[in-house]
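Participant: Listed below, chain by chain, are the residues.
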Amino acid sequence: MTPPNRLTPRERLLRLGGGLALAAGGAALFAYSKEHDPENRAAILTILAILVGLSWVGQGLRGRRDSLVHHEEAAPPGPPVSAERTLFGILGAWLLPGLGHLIIGRRAKALLYFVVITATFAAGTALAEGRNLDFERDRIYFLAYMFNAGQTALGWLLTRGLELDHRIPFLQLGLTYTAVGCLLNVVAMMDFVATCSRGDEVAEQDGAEAAGQAGGAA
Amino acid sequence: MTAMALLGLVRLAEFAFLPPLCLAVALVTAAAHREDIREILRHALRAWAVTLGGIIVFLFAVSFFVEWILP
Numbered sequence: 001m002t003p004p005n006r007l008t009p010r011e012r013l014l015r016l017g018g019g020l021a022l023a024a025g026g027a028a029l030f031a032y033s034k035e036h037d038p039e040n041r042a043a044i045l046t047i048l049a050i051l052v053g054l055s056w057v058g059q060g061l062r063g064r065r066d067s068l069v070h071h072e073e074a075a076p077p078g079p080p081v082s083a084e085r086t087l088f089g090i091l092g093a094w095l096l097p098g099l100g101h102l103i104i105g106r107r108a109k110a111l112l113y114f115v116v117i118t119a120t121f122a123a124g125t126a127l128a129e130g131r132n133l134d135f136e137r138d139r140i141y142f143l144a145y146m147f148n149a150g151q152t153a154l155g156w157l158l159t160r161g162l163e164l165d166h167r168i169p170f171l172q173l174g175l176t177y178t179a180v181g182c183l184l185n186v187v188a189m190m191d192f193v194a195t196c197s198r199g200d201e202v203a204e205q206d207g208a209e210a211a212g213q214a215g216g217a218a
Numbered sequence: 001m002t003a004m005a006l007l008g009l010v011r012l013a014e015f016a017f018l019p020p021l022c023l024a025v026a027l028v029t030a031a032a033h034r035e036d037i038r039e040i041l042r043h044a045l046r047a048w049a050v051t052l053g054g055i056i057v058f059l060f061a062v063s064f065f066v067e068w069i070l071p
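Sequence lines, in order, name chains X and D.
Our numbering numbers the first residue of the first sequence as 1 and each following residue consecutively.
Our numbering numbers the first residue of the second sequence as 1 and each following residue consecutively.
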C-alpha cells in the first residue's frame, strides 16, 4: 500500500501537468493584465497562481504530497456518506463556505471554514470599499470569485450600484483578499470530498471484513 | 523596502495586511485532511511562521541584492 504522503505515478503526472498548466496560465494572465490594465490589478493573483503551479511541479518531481510546512499523516476515517449527500454537500459548500461539512456533522471544521473564508472575503470587500465585485472591470478576478458563489452573489447585489469614482488606496489588496478567500473555498470543498471518500473506504473495508467473517463461519 | 517598491508588488503600507492573509491561508490549508482542532491550530501557526519568515527573508535578500550588489 502506498504511504499517505507518497504520490502514485498517475498523481505525479497530474501534479506535473496541472502545475505546468497553472503556472503557464498565471503567466499568460499576468501578460494579458499588464497589456490591458495600466494598473495591472491582477498581478498578485497571477503571481500566486504561478507560485502554486510551481509548488505542484515540485511535489510532482519529488513524488511527495507534503511541503516544507505541511506533513500529511493518515487522516482519521469518518462515517460513510451517501453519494446524494456528497453532491448536496458540494453544492452547499459552493454556496456557503463550511455548509458541506455542516451537512455531514463536522461542526467545528464547518465553523472554522465559514469564519476564516467569510472574514477574508469581507475584509477584501472593506479594503476595496465595495468596488471589488464588478465583472466588467475585474474579469480575471471572477475566475476566483466563481468558487464562492453565494457570498459573491450577495456582495454583488449589495454593491452593484457603486462606481469607481475616486482613488481607493487598497483596491488591489482588497481584490487579492477577496480572490484568495474564494480560492480557499476550493480547499474546503476538496477537503469535504476527501472526508466523504474516507467514509466510503471504511464502509468498503467493513463490508469486506464482514463478508470474510461470514465466509469463515460457513 | 526599496526592493519592494522596485518590484511594484508590495507597498510598505500593504505589507501590514500580509500576515492576516497568510494566517487565513495557513488555517484553511492546515484544516484540510485533519480533524483535531488543536492539531489544526498547531500546524497552522507553524505554517504561518514559516511562510512569513520566508517572505521577510526573501524581501531582505532582494533588498540586499538591489541596494548593495547591483550598484
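Please keep in mind that the hints were generated in silico from the structure rather than gathered at the bench.
Certain hints may be false.
Over the 10 Å line for every Cβ pair with chain D, so calculated as not near, a few chain X residues [unchecked claim]:
id	residue
1	GLY25
2	GLU35
3	ARG41
4	THR120
5	LEU164
6	ARG167
7	GLY181
8	ALA194
Only part of the chain X face toward chain D is listed, based on derived beta-carbon distances under 10 Å [unchecked claim]:
id	residue
9	ALA24
10	ALA28
11	TYR113
12	LEU173
13	THR176
14	VAL180
15	MET190
16	ASP191
What follows is a list of derived Cβ distance ranges for each label pair [what the hints assert, rightly or not]:
id	chain 1	residue 1	chain 2	residue 2	range
17	X	GLU84	D	ALA61	50 to 60 Å
18	X	LEU154	D	TRP68	27 to 37 Å
19	D	ALA61	X	LEU157	43 to 53 Å
20	X	PRO9	D	PHE15	39 to 49 Å
21	X	PRO169	D	PHE58	18 to 28 Å
Nothing here was measured: the structure is a model prediction, and the numbers come from that model.
For every residue, glycine included, the Cβ atom is placed at its ideal position computed from N, Cα and C.
Participant: Okay, which hints does this one fail, numbers in order?
Facilitator: Checked against the structure, the hints that fail are numbers 4, 7, 8, 9, 10 and 18, while the rest are satisfied.
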